[in-house]
Amino acid sequence: MKTINKRILSLIALVVTSLLAFSCHWLITNIRVSDNVKVNSTFDVQVTTNIQTPETDYVSNMIVMFCVPKSWNAQQTAKVTFSTSGYPQAMAGKDPKYNGLTEFDHEELVPLTMADLESSTGLPYSKALEGAFGKGGNYGDVEWVGFKTRDDKIVTDISNTSPNNFDIIIDATFKTDNNNYKFFLNTWASGKTGLGYPWGESFGAYNTGVQSVIVTVTGGSGPTVNYTVPAKVSTVPTEFRFGDFFCVNFMTDLEGAESELKGKDVYLCGKAVFEDGSVAVVDKPLAENHMTRKNETTYSKYILPCLFFGTPHEKKISRLYVWFTDESGTIVDYCGSEDGWEFAQALNE
Amino acid sequence: MKQILKYLLLCACASLLFGCVKVTHGGIEIAQHDDNATEHFVLRQVLQMDPLNPTGIDIYPYFKEFASLSLSLYFENGKIAYAEFDNGELPYNPLPFSFPSGKIACTYDNSCIPPVLRLSTGEVLAQMIQNEPVIAFSLDYNKISYKYTFKTVKE
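Residue numbers (this note's numbering), protein chains in the order written: chain Z, 1 to 349; chain G, 1 to 155.
Hints are computed from structural coordinates only; laboratory data are not their basis.
In this text, all values refer to a predicted model and were calculated from it rather than measured experimentally.
Please note that the accuracy of each hint is not assured.
To be verified - Simulated restraints, written as ranges between beta carbons of each label pair:
#1 Z/SER328 - G/ASN53: 34 to 40 Å
#2 Z/LYS175 - G/ASN110: 28 to 34 Å
#3 G/HIS40 - Z/THR330: 33 to 39 Å
#4 G/ASP109 - Z/ARG293: 55 to 61 Å
Unchecked claim - Not close to chain G: a few residues of chain Z, all C-beta gaps over 12 Å, as computed:
#5 THR42
#6 ASN226
#7 VAL236
#8 ASP244
#9 SER259
#10 THR297
#11 SER300
#12 HIS313
#13 ALA346
Stated by the list, open to error - Below are the DSSO-like pairs computed for lysine-lysine, each with C-alpha atoms no more than 30 Å apart in a straight line:
#14 G/LYS154 - Z/LYS315
#15 Z/LYS232 - G/LYS64
#16 Z/LYS294 - Z/LYS271
The beta-carbon is built from N, C-alpha and C at its ideal position, and this holds for glycine as well.
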């Protein structure tokens, strides 16, 4: 009986040890963003991760990806570094070659290029991440940008000591442009071994998964471009100034959020605030502002603002809002803002 | 005498054969028998080009005001002599200069490529592309451009 109990206990210990040996994590434990992020400036993001791995004999670069507004050109303008905390202690142990290591301190990461291909898809990392995670919850023009350690700076081969986990802290500085934004800033980090460790396996063991925080950028003269909610209004062209012709598209059913105007005759209303402070408003359903129904849920109308408001073309508009109503004028969709949907005017460079 | 008669017969036949055939002057067909013809044009298309739509979207159908714009060319002795441009109900001027009302002296200038309709003041009213006047302009955003193309109307 005692022999059988010992064997059972040994077996259990073996199973548990094996599970512990092959269990691992790399988790994002905290994301901190600078307070008061402003347009035309820089701001900092610090991503703290905790990594715990078994001995693997793999030596790996680290790749860090962020999802941010495309207009920032962050692949060219962002600066990313990494540091460690607890790395020497986690590495010291049975294997003498890992004794006496020092912490990494703000080691620079370099931008990924199109030649850096994710192994399981064969795609550049930006495309591979987009395929896996889409736009990170954003409804708008964002992109995944990536950075990697210069050479094999992180050793994921950790000897089995306790504690055998340490923190990798990623510091990124982003440069904003003149747009006010509200968006989900997504972060993802991965190891990338020289042995071409398959994506599927490395995905499970050697990457952090995606985490996001909402970042709000203020201080610009235009409206806030909010990528965290579906945009009911879009335009063609996508960029224009208020002295140009453009088409207003109104979506009445987005991601299950249905406007009361869906299926009805819809009329475009608007308010122009001019540089001299005067205001012009169109808020009645008339033949002139009747919208064309393009399909079951989308309505459109081309306008030239000065024609729409009956004002001289030379009179400059500084802010432009639209909202939508039905033929009775009683059902009104202000697109989530009491002033209506505000357009951003492009800058002549 | 016989030679003179042959010559006169030949001229008579040529007159009958070529009298009413249209010939092209400066790319615009005119009826040769009317040396003082007038060609009236209205807009055929208003193309809006932007970086995502470089070939242009025709916005003519969406604004009734475009139908009010007109361009006329007046011929004397078979040559373009005057132009008249009426901006109609549109609130902006597509030309980089103010076009006076009424007929303005104008010539067909084929010294440049493409040829242009040049006013006596030296300013260019329109390019002539495939026998059609074309007026290109921008309004507010410098990455958006517009192009008027015209079609003739019969009186």
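Going down the list of hints, with the structure as the test:
Here the CB-CB span from Z/SER328 to G/ASN53 is close to 36 Å, well matched to the stated 34 to 40 Å. In this structure, Z/LYS175 and G/ASN110 break the distance hint of 28 to 34 Å, their C-beta atoms being roughly 52 Å apart. For G/HIS40 and Z/THR330, the hinted distance range of 33 to 39 Å is not satisfied, since their beta carbons lie about 48 Å from each other. Restraint check, G/ASP109 to Z/ARG293: a C-beta distance of roughly 48 Å breaks the suggested window 55 to 61 Å.
With 12 Å as the threshold on Cβ separation, the claim that Z/THR42 sits away from chain G holds: the shortest Cβ distance comes to roughly 27 Å. For Z/ASN226, the non-interface assignment is confirmed: its Cβ lies about 22 Å from the closest Cβ of chain G, beyond the 12 Å cut-off. The claim that Z/VAL236 is not at the interface with chain G is violated, since a C-beta of that chain comes within 12 Å of its own (minimum 7 Å). Here Z/ASP244 does not stay apart from chain G, with its beta-carbon only about 5 Å from theirs, under the 12 Å limit.
With a least CB separation of 23 Å from chain G, Z/SER259 remains clear of the 12 Å interface cut-off, as annotated. Separation of Z/THR297 from chain G is adequate, the least Cβ-Cβ distance of about 21 Å exceeding the 12 Å criterion. With a minimum CB-CB distance of about 9 Å to chain G, Z/SER300 fails to clear the 12 Å threshold, and the non-interface call is violated. Not every CB of chain G lies more than 12 Å from the CB of Z/HIS313, the least distance being 4 Å, so the non-interface label is violated.
With a least beta-carbon separation of about 5 Å from chain G, Z/ALA346 fails to lie farther than 12 Å from that chain, contradicting its non-interface assignment. At roughly 38 Å between alpha-carbon atoms, G/LYS154 and Z/LYS315 are farther apart than 30 Å, so this suggested pair is violated. Distance hint between Z/LYS232 and G/LYS64 is fulfilled; the C-alpha atoms sit about 27 Å from each other, no more than 30 Å. Restraint check for Z/LYS294 and Z/LYS271: the C-alpha separation of about 24 Å stays at or below 30 Å, so the hint holds.
Violated hints, listed in ascending order, are 2, 3, 4, 7, 8, 11, 12, 13, 14; each of the other numbered hints is respected by the structure.
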